[in-house]
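Q: Starting from the known structure of chain E, fit chains W, X and G onto it as the hints suggest.
From first to last, the protein sequence lines stand for chains E, W, X and G. In short: position in the first sequence from 1, add 40, done, that's this note's numbering. In short: position in the second sequence from 1, add 40, done, that's this note's numbering. In short: position in the third sequence from 1, add 40, done, that's this note's numbering. In short: position in the fourth sequence from 1, add 40, done, that's this note's numbering.
Where hints are given, some of them may not hold.
For identical chains, the list gives no copy identity; a pair is met inside one copy or between any two copies.
To be verified - Derived pair list, reagent style SDA-like, types lysine to any residue, alpha-carbon separation capped at 25 Å:
| hint | residue 1 | residue 2 |
| --- | --- | --- |
| 1 | 129 | 159 |
| 2 | 140 | 107 |
| 3 | 131 | 103 |
| 4 | 140 | 189 |
| 5 | 94 | 53 |
Keep in mind that the hints were calculated from the coordinates and are not lab data. All values reported here derive from a predicted model rather than from experimental measurement.
Chain by chain, the residues:
Number of protein chains: 4
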Amino acid sequence: MGRIDLSHRHRVRVIYAHTDRMNTVYYSRYFEYFEAARSALLRRIEAPYAELEKAGYMLPVVESHCRYHRAATFEDTLVIETRIDEEPKAKIRLDYSVLKEGEEAPVATGYTIHSFVDASFRPVRAPAPFMEALRRHAGQHYDEEPLPL
Amino acid sequence: MGRIDLSHRHRVRVIYAHTDRMNTVYYSRYFEYFEAARSALLRRIEAPYAELEKAGYMLPVVESHCRYHRAATFEDTLVIETRIDEEPKAKIRLDYSVLKEGEEAPVATGYTIHSFVDASFRPVRAPAPFMEALRRHAGQHYDEEPLPL
Amino acid sequence: MGRIDLSHRHRVRVIYAHTDRMNTVYYSRYFEYFEAARSALLRRIEAPYAELEKAGYMLPVVESHCRYHRAATFEDTLVIETRIDEEPKAKIRLDYSVLKEGEEAPVATGYTIHSFVDASFRPVRAPAPFMEALRRHAGQHYDEEPLPL
Amino acid sequence: MGRIDLSHRHRVRVIYAHTDRMNTVYYSRYFEYFEAARSALLRRIEAPYAELEKAGYMLPVVESHCRYHRAATFEDTLVIETRIDEEPKAKIRLDYSVLKEGEEAPVATGYTIHSFVDASFRPVRAPAPFMEALRRHAGQHYDEEPLPL
Numbered sequence: 041m042g043r044i045d046l047s048h049r050h051r052v053r054v055i056y057a058h059t060d061r062m063n064t065v066y067y068s069r070y071f072e073y074f075e076a077a078r079s080a081l082l083r084r085i086e087a088p089y090a091e092l093e094k095a096g097y098m099l100p101v102v103e104s105h106c107r108y109h110r111a112a113t114f115e116d117t118l119v120i121e122t123r124i125d126e127e128p129k130a131k132i133r134l135d136y137s138v139l140k141e142g143e144e145a146p147v148a149t150g151y152t153i154h155s156f157v158d159a160s161f162r163p164v165r166a167p168a169p170f171m172e173a174l175r176r177h178a179g180q181h182y183d184e185e186p187l188p189l
Numbered sequence: 041m042g043r044i045d046l047s048h049r050h051r052v053r054v055i056y057a058h059t060d061r062m063n064t065v066y067y068s069r070y071f072e073y074f075e076a077a078r079s080a081l082l083r084r085i086e087a088p089y090a091e092l093e094k095a096g097y098m099l100p101v102v103e104s105h106c107r108y109h110r111a112a113t114f115e116d117t118l119v120i121e122t123r124i125d126e127e128p129k130a131k132i133r134l135d136y137s138v139l140k141e142g143e144e145a146p147v148a149t150g151y152t153i154h155s156f157v158d159a160s161f162r163p164v165r166a167p168a169p170f171m172e173a174l175r176r177h178a179g180q181h182y183d184e185e186p187l188p189l
Numbered sequence: 041m042g043r044i045d046l047s048h049r050h051r052v053r054v055i056y057a058h059t060d061r062m063n064t065v066y067y068s069r070y071f072e073y074f075e076a077a078r079s080a081l082l083r084r085i086e087a088p089y090a091e092l093e094k095a096g097y098m099l100p101v102v103e104s105h106c107r108y109h110r111a112a113t114f115e116d117t118l119v120i121e122t123r124i125d126e127e128p129k130a131k132i133r134l135d136y137s138v139l140k141e142g143e144e145a146p147v148a149t150g151y152t153i154h155s156f157v158d159a160s161f162r163p164v165r166a167p168a169p170f171m172e173a174l175r176r177h178a179g180q181h182y183d184e185e186p187l188p189l
Numbered sequence: 041m042g043r044i045d046l047s048h049r050h051r052v053r054v055i056y057a058h059t060d061r062m063n064t065v066y067y068s069r070y071f072e073y074f075e076a077a078r079s080a081l082l083r084r085i086e087a088p089y090a091e092l093e094k095a096g097y098m099l100p101v102v103e104s105h106c107r108y109h110r111a112a113t114f115e116d117t118l119v120i121e122t123r124i125d126e127e128p129k130a131k132i133r134l135d136y137s138v139l140k141e142g143e144e145a146p147v148a149t150g151y152t153i154h155s156f157v158d159a160s161f162r163p164v165r166a167p168a169p170f171m172e173a174l175r176r177h178a179g180q181h182y183d184e185e186p187l188p189l
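Isolated chain E, as found in the complex (with noise of 0.2 Å):
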């Protein structure tokens, strides 16, 4: 497998929503952070998942999971960054750091790994645009523009 080496900073807001009686941000909720940051990084490398759908594959989850070291909450500004480390063939695996903005120390890391599918569902090699894409942004580290206030 080829190398990568891509990663992208995207941003959330922790919502009132997102925490929950213990005051921190409920544990299953890093995986939707995780999503927005995969679908921003995509859009980035201009191969949105989206049009990957449209094109007639989809790319469902076969595998997550997360550590988290400390606790986030509400209106907490969290960076999360998403790296393709290698070349996906029939399955593609994404890590996540998240971060408070402006701190070292991580909140949270974990992986998803998913599947190449065509609209039944049935097994594919990642599509040939898809891998120009990854192949093109290859070595670049994008940091996204700050949350508005």
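A: What follows is chains W, X and G alone, placed relative to chain E:
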């Protein structure tokens, strides 16, 4: 419009995910409880929503409303009473009361209004089998079995 | 009651998690968008909700309402315009219009009504610093920067 | 570490809110099902999580993992089997298998690991009454009543 006067009591147990840092059920969650309750009512009158979709119809929500009277929190068992008072035509209205099991004072009350549409989101009249199911169960007041522990 | 006539435009991008199998944003999600938008308005007028809570106040929702005019789906950028028309007393009302970026026809419109309460959920009058923030920004119509890609 | 070998089967019915436009249960929802299932197990062994919190303890998730084997969708009844294999010390691990009622092939499998902490999020050992509850029910394999219709 004919009188239907049908009611049904469905139960949900509040999970941690539904609480927020105010230690109450987050306000939008009640609309999920309403959905669970109306789907249960439709199963009870042998007109399950999944069947309606299979027959080419959908019932998107066109209006939703909720008043919050008292707080509910983690592990509360909530009884959602759903009522259909009148025969629908192009639209159907459902009314909901949420109680804590064994108490009288409502936690929340609300309603949803839905359009009957076809698979292209074009408005249609309520399908005949759906109307027949409503009339067959008119005047009934159903109450589900309690939840497991 | 005095006139406030304050408005603010906040943007969210619809994530996959928010869609349902009808390929539309699930109806309760609009209340999360309303929350994100009103928290952004409060930050904009320098009365962030987290500060209000630190000062011992809360603003639980006592009533919520939404009309759904058109469908929205994955990767749509939605503009949520929040308006505060009148000075609050024991309660505050916020009105919301949801548009797709660059379009006129609303996707959804709604409102929420909130009580001012203390940490024991006892009703109180709107705190003075909050009222001053509202008056200081009365007549303003704020519009956030667009979201990153 | 002592052997606990405790299992419990809890059921959830998939609501429309949990589906996404791929017509499957959105991947993060399984972590909510896991939570509902582990809270049910704790109620079953007379160590309900709400009681644990009242006694000044919390069990935040420090790691979560899920593999997705097959799709589930609206109105499926899912059986979540939760297992506690080993005695916890500072951390407790729970394993989950999600099945469709009446089928053998798993829909999803996963685990969560939790720390015992006090109200200030400081790590503590598992409280004695919790350990006693686990030991008292060691070797048991509980199965809840089916859900109402």
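Q: Would you pick out the hints that fail for this structure and give their numbers low to high?
A: When the structure is compared with the hints, none of them turns out to be violated.
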